[in-house]
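Peer 1: This is what each chain is made of:
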Amino acid sequence: MYHTVIETLSAADTLKQAGGSDSGWILHHVMDSHTLDFEPFFSIQLPHLEIFGIDISITKYIFFMWIVALLLFIILYIVSRKYKSTLIPKGISNIVEITVLFVRDEIVKPTIGKGYEKFLPYLLTVFFFILLSNMFGLIPYAVTITGNIAVTAALAAISFIAIQLGGIKSHGAWGYFKGLIPSGMPPWILIILIPLEILGLFTKPFALCIRLFANMIAGHVVILSLLGLIFILQTAFVAPVSIAFAIFIYLLELLVALIQAYIFTILTSLFIGMAVHQEH
Amino acid sequence: MDLAWLGAGIGAGIAVIGAGLGIGKLAGSALEAMGRQPEDAGAIRTAMIIAAALIEGIAFFALVICILLAVKA
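Line by line, the protein sequences are chains A and B. When the first sequence is numbered by this note's numbering, its final residue is 280 and no position is left out of the sequence of numbers. When the second sequence is numbered by this note's numbering, its final residue is 353 and no position is left out of the sequence of numbers.
Heads up, incomplete: computed chain A residues facing chain B, CB under 8 Å, no partners named:
no., residue
1, A207
2, I210
3, R211
4, A214
5, I263
6, I266
7, L267
8, L270
Hint data in this document are derived by calculation from the structure and do not stem from the laboratory. Predicted model, so just to flag it, every value in this text is computed and none were measured. We put the CB at the ideal spot given by N, CA and C, even for glycine.
The task is simple: from the sequences and hints, build the whole structure.
Peer 2: Below you can see the structure in the form of structure tokens.
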């Protein structure tokens, strides 16, 4: 399913290159490419790498993903070093500690319950990574890496593995997959139920992937469309209105960046909780 | 080709109507519940956000189909 969506989006890319649509410049902003755009000042051409016919070149999104990962590593490393000398948080440790405690006490503990400690590192990593990359994308000239379906699909795939491994580890492989189906069912209903439950395993991470991707890309497209109104109507009198609306959407995006990180983490942890504690 | 675009547009509109109704009703009920039980506001808010995210997920499934239709045309 992921493959189809990725293919579809690259089809949109080809459409853009063919000049088939007038809104192509919007797609250009949210598509992966081999150039880092800092227009109107300059743009950097990234090298094209290929190994065994597989394109592994460092593209715009990968470049910014590495920046986000590096930034996250530096911030969290500094904070963790500070706790070695004193346990009293100061400066940047304060905000990180509040966020970590929020994720632990408000997200992970109530949804997973007993044995949540094993999943806490993964869920914290996901939360901080998504939060920082959502926020990073709001800086001018930066790229929202979560606005790329490949990135969110990878995050959802890791969540899928975490959910299944959590379930299998606590119930055993047979016990886990048997536990997906409610006991005491008449045999004929299993014909409908088993494919449905197997499908259900995959739709959960698929929804995670699409939700994050669509939410992040939608805000950018709306902002660009509002600014595009100036050029479509070709009058400067629209500019105050569309800039005011664009700023409003931008501020809304700040909220969405937080909420989407929260939702991705809480849903992943909810699904892990459902897999680990199948009895309810 | 134009009809597929029309279909995608109408489909996206209908999907958004459904999601909007669902989230609106959910938020209305949740706020009412918070008004009745202010001490449980935190738990109600969490449940509301999860349910809203699930409704949104269904709407996105519909929107993905619309995008597929629009891009194919």
